[in-house]
Every structure is written in structure tokens, then in C-alpha cells.
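Undergrad: Please arrange chain B on chain A, whose structure you already have, making use of the hints.
Protein chains: 2
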Amino acid sequence: MAAREMILSAAVCLCSIAAVRLMDLYWDSPSPGPHWMEQESGPALRASCSGHGRVFNDGSDLACECSDCYTGVNCSELQHGCMVDADAGDPTFLEPFWMEHGADAGVFMPSWYRMGYSVKKKGSSPAHKELPLVYVIKELEDSIRELHELVGNAVVKDKYLVIGTGSMQLVAAALNALSDSFPEKPGAVVTRAPCYMIYKLQVDVLSSSKFQWGGDAVAAFEKKAFDPSSVVELLAAPNNPDTSILEPVYKGTNAKIIHDKAYYWPHYTAIAGALDEDVMLFSLSKTTGHAGSRIGWALVRDIEVYKKMFMYIAVSTIGVSRESQLRAHRLIKSLLDGYQNGGSHKARMFDFGYHTLQSRWQTLAEIFKASTRFSIQKTDSQHCSFFKKEVSPSPAYAWIRCEQEEDCHSIFAAAGINGRPGRAFGVSNRYIRLCMIKRDDEFELLAGKLQALVDTELTNE
Amino acid sequence: MAAREMILSAAVCLCSIAAVRLMDLYWDSPSPGPHWMEQESGPALRASCSGHGRVFNDGSDLACECSDCYTGVNCSELQHGCMVDADAGDPTFLEPFWMEHGADAGVFMPSWYRMGYSVKKKGSSPAHKELPLVYVIKELEDSIRELHELVGNAVVKDKYLVIGTGSMQLVAAALNALSDSFPEKPGAVVTRAPCYMIYKLQVDVLSSSKFQWGGDAVAAFEKKAFDPSSVVELLAAPNNPDTSILEPVYKGTNAKIIHDKAYYWPHYTAIAGALDEDVMLFSLSKTTGHAGSRIGWALVRDIEVYKKMFMYIAVSTIGVSRESQLRAHRLIKSLLDGYQNGGSHKARMFDFGYHTLQSRWQTLAEIFKASTRFSIQKTDSQHCSFFKKEVSPSPAYAWIRCEQEEDCHSIFAAAGINGRPGRAFGVSNRYIRLCMIKRDDEFELLAGKLQALVDTELTNE
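Chains A and B are the protein sequences, given in the same order.
1 is the number of the first residue of the first sequence in UniProt numbering; add one for each residue after it.
1 is the number of the first residue of the second sequence in UniProt numbering; add one for each residue after it.
The set of hints was computed from the structure by calculation and includes no laboratory data.
Fair warning: there could be bad hints in the mix.
One copy or two, either will do: identical chains are not told apart, so a pair holds if it fits within one copy or between any two.
[Unchecked claim] Keeping only pairs whose Cα atoms sit at most 25 Å apart, straight-line, the calculated SDA-like set for lysine to any residue is:
(1) K308 <-> W213
(2) K157 <-> N341
(3) K120 <-> A424
(4) K200 <-> S244
(5) K185 <-> D204
(6) K307 <-> V205
(7) K120 <-> M197
(8) K185 <-> T253
(9) K307 <-> M197
(10) K138 <-> D87
(11) K200 <-> S181
(12) K200 <-> M311
(13) K120 <-> A413
(14) K185 <-> A415
(15) K185 <-> L246
(16) K120 <-> D85
(17) K389 <-> A274
(18) K308 <-> D204
(19) K138 <-> A63
(20) K307 <-> D87
(21) K120 <-> F108
(22) K185 <-> G215
(23) K308 <-> V205
(24) K185 <-> L201
(25) K449 <-> S118
(26) K223 <-> L246
(27) K308 <-> V454
This is chain A alone, in the form it adopts within the complex:
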């Protein structure tokens, strides 16, 4: 016991924290010593993977998982003629931030952590009292509200908060809730093209008797295709793919709009002020970059809509993973910590994210400046109420138009770049979306291939 205390003191002294105290806490048990740390500390985890990969502690197979186009045991080989993947929207541009500054957001879960269906500590939303299941960790709810208050992008006062398994589950929950009051069923779900077509895919797969896909919002509105009271409009702003910020097509007090605000954070766009819409969706994927955790949330004004959304999540997945909620809470707390209490002791995630994306956008704009064959979306500097200054553009996606060719996807594919074609956003294949939010090494490969593509054009002129 004395030896144990000696080690304890030395560890505290050396590192200002006490790993041994943690062991003491969780393993004050008759079982033999814990084995998980042995697993966790294999030499492979130390591997740098040549700066082009990561080792995750999923199992016994502690191998490097390489960035796109890198291969080999240590991810040291660049694959010759490899196609750069700019299709998927993995937000791994924030990975280096967490690797360098996220030690306080690491989380340990003992094997007995939160085994029950319900959390006994009640959430802060009063409506929980009437609802059968308490699946939300109160601390996560509190930290999400605090985050919005810090950033000033959404009014949280007098709003109910629904936690979902990613924001796509909340889209389904909101469609289900809002379509209850449709006079005609099935009603229509519309969105302005170009748009995130997973919306359509989800509506099609759900095959609801209450709503079905109604296509482009502008066309539907102009043609008076549907009774406006049987319409829900999905509106992403900034928009995915073109990062535009537009008003809804369907307006008025009876209009049912789901505001997808996934990209309304200071690393992607200038914050114009705190929005106060009836239904607003956000996602951890785009806020902190943790897409794999499947955490989204909705801010909802009306208590009946809130209860229906809650019920949808309670019966479709019996709530949301407690592990993901705990981790989301720790990540958001760590993020907040950079901006609170003076905050100068700690790196700031939104600043890091903004600088990364703004610099990438400059690179891209520079590449395309002299091109007449390709044009990229128009962007302007704007005042950001969060950074309290004029900010340069830092969009999550480049939305490119081929001015000469009709099949933009093939042009880019021939240049070794796999983008997402216009058709996948409900418009023509003259357009292509390129993801700007992946790892640095992946963006560098993309930029190199883009430069070569534009150079060919300029050389040929």
C-alpha cells in the first residue's frame, strides 16, 4: 500500500495527473489486473503511419489505416495513378486539432458504464416528465445549449432539444411529426436543387404513407403542384453542395420548414446572427468532425412537434447510444473550454477549422483563377458575429461548373479525381462537388491533381 502511494505521488508530481488513481478507482476488484491497457498500448499504436494514416484500437489487429492513395504497412507508399476521392464528406480536417489539443476529450468507459435503457438523471426539458424513456445524458443537453450560446448561431431559449442518431434520423423524425397535420396524405417533401439527395433517398426508403418525395421546391411552388399545407420544405443553409444561403420557397406562418443548419458554424461560414426557426437541425459530424459517432440534435419550438420527434426516436432506435452521447459531451466541453475562462491557455477549434478551410479555399481559388473551362461558386468576405470581424470564404465544398463540357464527372475522373456528380444533387452533370474537409494530405493530392487539370487547359490555349 505504501509502494502504491509512493507511485501515486510520483505520478501526480510528474504529470500533474494520476493514471494510477484511475486504476485504483475502477479496478478495486478481486479480478486480476486489467488487460485492456495492454491491448491499447501495443507498439503499433505508436506508429506514425508515415503521417498518412492512423491506428485505431478496435481490436487485436493494430494496423495503420491509410489516407486515400497511400498504402503499405506504414502508409509510406503513394499509389501510382490513384484516383483522389473527393466524393465523400468525411470531416477529418479537424482530426489534427483533436490529436494535438483534444487530450481532455478522451474518454474512458468502464465495462459497467450505463447499462440501462434509461438514464436516471432527468434531462432539463420539462416534456421529459411525460415521456416514457429518458435516453439523453443531461450533461450533453447542457453542453449543446452552451455551445449555441457561445457561437450565437441559434436561439436556444424556449426551445426543446431532441438528440438523434445523427441528423438524418432527426430529418425522418421531423418529417413524421410535421406531416401529421397534412390535410392530404401523402403530402410532399420538397427541397431546392441542387440539394443533398440523401434526403430523397431516405424519403424513398422510408416509404411513408404520410409523405413522399415532391422534387424541386421552386418547380413545385411555381407549378402549384401541391397544396402548400401538405408540404414540408427541407432547407439546408449553407447549402450542400453549393454553400449558398437562401430563403425558403414556401413561406408564411403555416409553412413547414426543416432548417438543416449542419454547416452553420464559424469554420464553414460567417455567422450572421442567432437563428430562431421552428425546427433547426445540427450535427456533431460537422461541428466537431465526429461523423462516426452519429450524434445530431434538433432545436424545436413547439412542444407537440418535440414530443412526436422524441417518440419517433424512442421507438425507432429506443434512444441514442450512451457511449456516443458521453463522447459528444466531452468533445463539446473541450471545444467550449478553448473559448471560456479567458481561453488563451487552449487552442480554439473554430479558429483552427476556419484557418484550415480558408487557406484551402485560397489554394483552390488561385488554381481556378485563370480557367475559363471551369468555374467555382461565387464567394465573398462577410462579417462574422462570432469572430467579430470580416472573414474570407471557407466553404466545406467546392461546387464546380464545367463551362465547356457536359459530363463534368468524366473530365475530373480522367484527371484522377472522383467528385460527386451534379445528378447526385438533382441537377445536371455539368456540375461536380468536391469535398474540401478531408485530411491535409488528401487535400494536397486533390489540389495537385486540380492544378494539373487546369495547367493542361492553359497549356492547350
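TA: Frame of chain A; chain B shown alone:
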């Protein structure tokens, strides 16, 4: 550095593991020392909560969360006249197993763990190649297959594995997939009463255009209420609530059956052999007791059904929480470890679970033995191929019939017991379900109140 190594050696010597090595791994970073351990190691976490509560490390508020009917800062006060909650099915009877023997199933996730939408390591199911998203951690898939092979409760060879956000998401995914081939839409979803009515609640909330609730399977079949080719039968065996093991009502090669096998594990029932059905659902909640993690899985024979189920999960929640998957993998590995490599060095979860529930059932059977007012479901000893011996009953629920009174729920409520009434399972309120799988202290309170209830009957005779 010398000091650090000294601590390292001493720690290894003392505990055979090295906490400091872990720190070294993750925090070889320019940031100041990690703060999470400080949070994790607050004195409150040490609190025993008088043996009637737990402290979870969700946030700064490290307070005891007490077992039912216990209150106070340290959960030391038994609430006078408290209603025992035997309604919900929290599987916390396994909590002490994990607290004592689950050190190797604890898991640490650094802040940068698996941020992307997709896992780069491919799963073992060949169909993944054609599918757009790889959301499953391969190690989890492997450990689930290994678990079924150990227990011998399901044939995994030539089966596709779908991981879902709890098994209720897989019910929705399977209904969606199987109803595609209905000649008449909406077709009917039926199940034999008494049944788990969350099935019905989910079908109602989903409001699918392809299927709707069709009520009791036996009644529907006898009345020829539906074209059998437009019917999906949901069949839980062992059944929730009455733990019966019955055959489907709809039979034949074209019958579409979803086999809910959540309770087909050796701690709840004798394993009769490896089932080889077309669609079988399982749940981590009932296997290891981790209901909060929302991990379920389906074993599926047909590749087209598999692809549709995968797609449903891919678009409704864009996959399944990586944190929960990692934890599920570790838990299952730890469970397996008790039975493999001789296994005698390690406690065995199914043995622990079986002994707990079998002893509880004996207590219950003893209480009700002399009663004529109440009867409990018939149970018999049976041969279990897993334990390789005759086993006594160890059901997850008691299904009680009030032989004299019509409103069984009120009788039990007056005795201080909140059970789930028959109506919640599609039958009369002459029946009540009592949950037998909560914590020891909660079961003891329940048993005490039941004894008092039966004693009143016997005294009055």
C-alpha cells in the same frame, strides 16, 4: 525520463499493467497534461453509494444514481412506501458481473478515434463491396460470429450480418425489406399475443405505405384476414412477456418471419440447438446487458434482404455509432475469453447470469407455490446444449395471471409493485409482467413485496 521509467517499472511490477504507458501513447503531444483523468477520478466516483447506486462519469456532476426506492446522497435511505418498478426491462442483473470481471472490457477512446463516416477496413461480408458505406467495425462482426459459434444458438455460416442501432431498428429494416415483395400494399405485420407491443408502436409510428399493424397472428390466420403472401409475422422465442417458445403461425416456404431471438441465450433459456432461420435478430441489451449502447444485429440468409436492410440503416441513421461498436466488441471478446483457452482463469458471464436468474426464479416459485389467487407461467427443466446439462428455468420475466381479480395491475400496485399490465402485451389485464433482470437490491425489494402480497392472501384464507 529516468523517473518516468522507474514509475513505469514499479507500476508494471505492482499491477502487471502500465497505466503510464498509455499516457505516454496518447499524450505524446505539445498540449498540457490531460484533464480527463482529473474529471474521471473525483472522489465521488469512489463512493460505494451504499451498495445501492452507481456513479457514472458523464460530467462534472459526479453524483450517485440510486437503485429504485433508494435515495439520499449516498443512496443509503430506503424510501418509505416506495413503489417497486418491475415494469421496465433494464438488464442490470449483469452489472455486478462486469464490475467484478470486466476490467478487460473497459475502453478508452482518444478524441480523434474514428471520425469518418466510413471505416476503411472492410467488413467480412462480401456484399459490402457493392454498398456505399462501410459503417461496421470488422472486429465486431468477427466477435459476434465467434459468439454464436461458442453458444451454438444460431448458424452463422453463409449468413450476412447487419449491425443496427439496437434490434428495433433491425425490425424496421427487416419489415421494410420483406414487405417489398408484398403483392398487396400495405400488407400486414402480425404477431401472436401476448407480445412485445413496442412492435405495434413502431409500426404505427413509422406509418409505412408498405405495411401496417395486423394484430394477433392466430386470429388473423384463422379469419384468413390477409393474403399470406402479404404478411410478415414477428415471432419472439423465448417470448416477451411469457417466455414461451412457439412455432410461427404462418408457415410454408413463402412465409415471411422475423425471428426475434433476443432471449435465446443460455442465461435465459435452455439452448436447444443452432437455429437456421432466414432472418434472426439479436441484441447486445439482452446478451451482455448493455441496453444503453443500442447495438443489435441480424443474421440474414438472402443477399437481397441483407442489402435492403443495410440500405435502410445506411439512410435512416447513416450507420451505427462507432463508440458503441467498439465497446460491444470489447464486451463480447471479454465474454468469449471466459470460455476459451481453457477459460478457467476467468469468470463466465452466461454461468453468472444463469445462476442469478435461476436463483431468482426459485425464490419467485417458492413465493407463489401456495397461492391460488395468482399463477405464474409453467416452466420446466430442460437440456441445454451450451451448458451440456439439464438446467432449471431462469426466465427474464414472470408472467402472472390473477385467478380471481380482473385488474391484476391494480392488485399489484396496491401492494407497492408497478408491473406491466397485460393490455400492454395485447391481452387482458388479468395478466401482469414482472421484470426479473434488474439489480439484486431491486429484485430483493420486489421479492419482499410479493411475499407480503401472497402472505396477505394466505392469512385471509
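Undergrad: All the hints need checking, so say for each whether the structure fits it.
TA: The hints, checked one at a time:
1. K308 <-> W213: both (21 Å within a copy, 19 Å between copies)
2. K157 <-> N341: Within. Shortest intra-copy distance 23 Å satisfies the 25 Å Cα cut-off; inter-copy 57 Å does not.
3. K120 <-> A424: Between. Shortest inter-copy distance 23 Å satisfies the 25 Å Cα cut-off; intra-copy 44 Å does not.
4. K200 <-> S244: Intra 20 Å, inter 42 Å, cutoff 25 Å: intra-copy only.
5. K185 <-> D204: Answer is both; intra-copy 15 Å and inter-copy 15 Å each pass.
6. K307 <-> V205: both (24 Å within a copy, 12 Å between copies)
7. K120 <-> M197: Between copies, since 23 Å is at most 25 Å while 39 Å is not.
8. K185 <-> T253: within (21 Å within a copy, 35 Å between copies)
9. K307 <-> M197: Between copies only: 20 Å across chains, 27 Å inside a chain, cut-off 25 Å.
10. K138 <-> D87: Answer is between; shortest inter-copy Cα gap is 23 Å, intra-copy 36 Å.
11. K200 <-> S181: Classified as both: same-chain Cα gap 21 Å, cross-chain 22 Å, threshold 25 Å.
12. K200 <-> M311: Answer is both: 23 Å inside a copy and 13 Å across each meet the 25 Å cutoff.
13. K120 <-> A413: Result: close only across copies, 21 Å inter versus 53 Å intra.
14. K185 <-> A415: Neither way: K185 and A415 sit 47 Å apart in one copy and 47 Å across, limit 25 Å.
15. K185 <-> L246: Answer is neither; intra-copy 28 Å and inter-copy 39 Å both fail.
16. K120 <-> D85: Only across copies: K120 and D85 sit 13 Å apart there, 44 Å inside one copy, limit 25 Å.
17. K389 <-> A274: within (16 Å within a copy, 66 Å between copies)
18. K308 <-> D204: Classified as both; 21 Å inside a copy, 12 Å across copies.
19. K138 <-> A63: Intra 36 Å, inter 13 Å, cutoff 25 Å: inter-copy only.
20. K307 <-> D87: between (36 Å within a copy, 22 Å between copies)
21. K120 <-> F108: Cα proximity of K120 and F108: in one copy and across copies (20 Å, 24 Å).
22. K185 <-> G215: Result: close both inside a copy and across copies, 16 Å intra and 24 Å inter.
23. K308 <-> V205: both (20 Å within a copy, 9 Å between copies)
24. K185 <-> L201: For K185 and L201, both the intra-copy (19 Å) and inter-copy (20 Å) Cα distances are at most 25 Å.
25. K449 <-> S118: Answer is between; shortest inter-copy Cα gap is 24 Å, intra-copy 51 Å.
26. K223 <-> L246: So K223 and L246 pass the 25 Å test inside one copy only (20 Å; across, 56 Å).
27. K308 <-> V454: The answer is neither: 51 Å in one copy and 41 Å across copies each exceed 25 Å.
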